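Participant: Each chain, written out:
There are 2 protein chains.
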Amino acid sequence: MDNRPIGIFDSGVGGLTVANAINKLLPNETICYVGDTARVPYGNKSKMSILKFSKQITNWLIKQNCKVIIIACNTASSLALDTLKLKVSVPILGVIDPGVKWAVSITKKNRIGVLGTRATINSNVYHKKIKEENEKIHVFEKACPLFVPLVEEGFIDGEIPSLISNYYLKELKMAHIDTLILGCTHYPLLKQTISDSLYPSIKLVDSSLATSKELKSLLEKETLISNNEKGKINCYVTDYTETFENVVNRFFKYNINSIKRLDVF
Amino acid sequence: MDNRPIGIFDSGVGGLTVANAINKLLPNETICYVGDTARVPYGNKSKMSILKFSKQITNWLIKQNCKVIIIACNTASSLALDTLKLKVSVPILGVIDPGVKWAVSITKKNRIGVLGTRATINSNVYHKKIKEENEKIHVFEKACPLFVPLVEEGFIDGEIPSLISNYYLKELKMAHIDTLILGCTHYPLLKQTISDSLYPSIKLVDSSLATSKELKSLLEKETLISNNEKGKINCYVTDYTETFENVVNRFFKYNINSIKRLDVF
Chain X
92 MDNRPIGIFD SGVGGLTVAN AINKLLPNET ICYVGDTARV PYGNKSKMSI
142 LKFSKQITNW LIKQNCKVII IACNTASSLA LDTLKLKVSV PILGVIDPGV
192 KWAVSITKKN RIGVLGTRAT INSNVYHKKI KEENEKIHVF EKACPLFVPL
242 VEEGFIDGEI PSLISNYYLK ELKMAHIDTL ILGCTHYPLL KQTISDSLYP
292 SIKLVDSSLA TSKELKSLLE KETLISNNEK GKINCYVTDY TETFENVVNR
342 FFKYNINSIK RLDVF
Chain W
92 MDNRPIGIFD SGVGGLTVAN AINKLLPNET ICYVGDTARV PYGNKSKMSI
142 LKFSKQITNW LIKQNCKVII IACNTASSLA LDTLKLKVSV PILGVIDPGV
192 KWAVSITKKN RIGVLGTRAT INSNVYHKKI KEENEKIHVF EKACPLFVPL
242 VEEGFIDGEI PSLISNYYLK ELKMAHIDTL ILGCTHYPLL KQTISDSLYP
292 SIKLVDSSLA TSKELKSLLE KETLISNNEK GKINCYVTDY TETFENVVNR
342 FFKYNINSIK RLDVF
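Protein sequence lines correspond, in order, to chains X and W.
Convert by adding 91 to the 1-based position in the first sequence; the result is the number in the numbering used here.
Convert by adding 91 to the 1-based position in the second sequence; the result is the number in the numbering used here.
Hints in this document: simulated from the structure, not taken from any laboratory.
Source: prediction; values computed, not measured.
No distinction is drawn between identical chains; accordingly, a pair holds when it is met within one copy or between any pair of copies.
EDC-like, lysine to aspartate or glutamate: derived pairs with alpha carbons at most 20 Å apart:
| id | residue 1 | residue 2 |
| --- | --- | --- |
| 1 | LYS143 | GLU333 |
| 2 | LYS115 | ASP297 |
| 3 | LYS199 | GLU224 |
| 4 | LYS138 | GLU336 |
| 5 | LYS143 | ASP354 |
| 6 | LYS261 | GLU244 |
| 7 | LYS233 | GLU333 |
| 8 | LYS138 | GLU333 |
| 9 | LYS146 | ASP354 |
So here's chain X without its partners, still in its complex pose (with noise of 0.2 Å):
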């Protein structure tokens, strides 16, 4: 047993269907969350700034006493994971892997699609891990840098959102893929959109899912699950903004502790 706090971290508020996904599965957890709202963000920056963004939360993180520290973020998992496993004592989880994972595991037709950040798709990381996995798979990639200002401002559904995924999609759309990526933490809260943009038979891989079902094997593994009766959310952000609030409030409406301010630079 070990009671000592999951720490994640994002760009800004991505990242929290992420912790959402982990609060659902592992209800006695207590979630550390920092999202760097004063530098969201991460998708169109370079990987040096990445880089150092997040080495920055993760050391925060690891003087939170974290026992695991998961990157909710795509971009900075493409960017930093490799990086960061170097330096930190404590194990640590990016979104990509296990995104990849149950995407190579449902695709039929070996047509797999990956939306994400200009960072990610430039990385080529996902190319990368899915040829790994199987190099059969054919993969076809879609930067979308819209889709994130989109979430953040709340246009997840109605004629603006369908109007910029059509136009980013019409590509993909033509690849006869069966199986679609959702390579932002952002973008699940786009996904009828984005399937309405494809075909209804597209399979939709949302990594949060994986990522909290990874998590989950990992703390049984390790033995460090929590005997807490009930986890606790604490969030942190880096510039403390009304959107932020209002939509940790949605995700978390029961059992969010806090939310504070942190000065990281």
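Got chain X sorted already, so can you dock chain W onto it with the hints?
Facilitator: Frame of chain X; chain W shown alone:
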């Protein structure tokens, strides 16, 4: 005569519209431009963060021996100018006052619209300053948070910007304004789209031109004009990205001197 540089800063590429206008009007001046690309955008962040970022960059510009500082960002001008004025020993100009004075001088119906980021509109600065100039003027404001990501992603015309622009401007269209302040340095790049969403007779106020004229008057009055044969433009960014380099080269094809990475935090 004073050959020290003019310091200009913005959250990212938007302020280049101001730097460009200054370079055209005052070609002998050396410009030291900072784009805070690691933390862009500012428009949805809190006053506390915007003030902190603006202070860090202003302190750095003062150390570069700038003779005057231009805050080429409406959000930072709205939230940080008054505080910074008390802290720095050189003249410091924002982009709000020049735009307000110009708009007030050209409106005939005394009905002015203002577009800006959420932080700018919530600050109420435009409303207050226009009323200070002429309390009879009716002011109609609208936050357009998706305009900055659209411009940063290069969507400046076509169906997507049109739909978003029509969505944001539908109430302003009913307000019978004759003058509209583009209260964000990114928005002049959407000039045609914005104009098409309203009516052709509307007068659009681009603060970059007004600011460059106000700077010229100030330099002449304080005898701070440079007698360099030709001005240089030195750019500094907190995150080095290809997008920034492309935009800089588009604006300053012939006289860009350097683009360097700057670590202020």
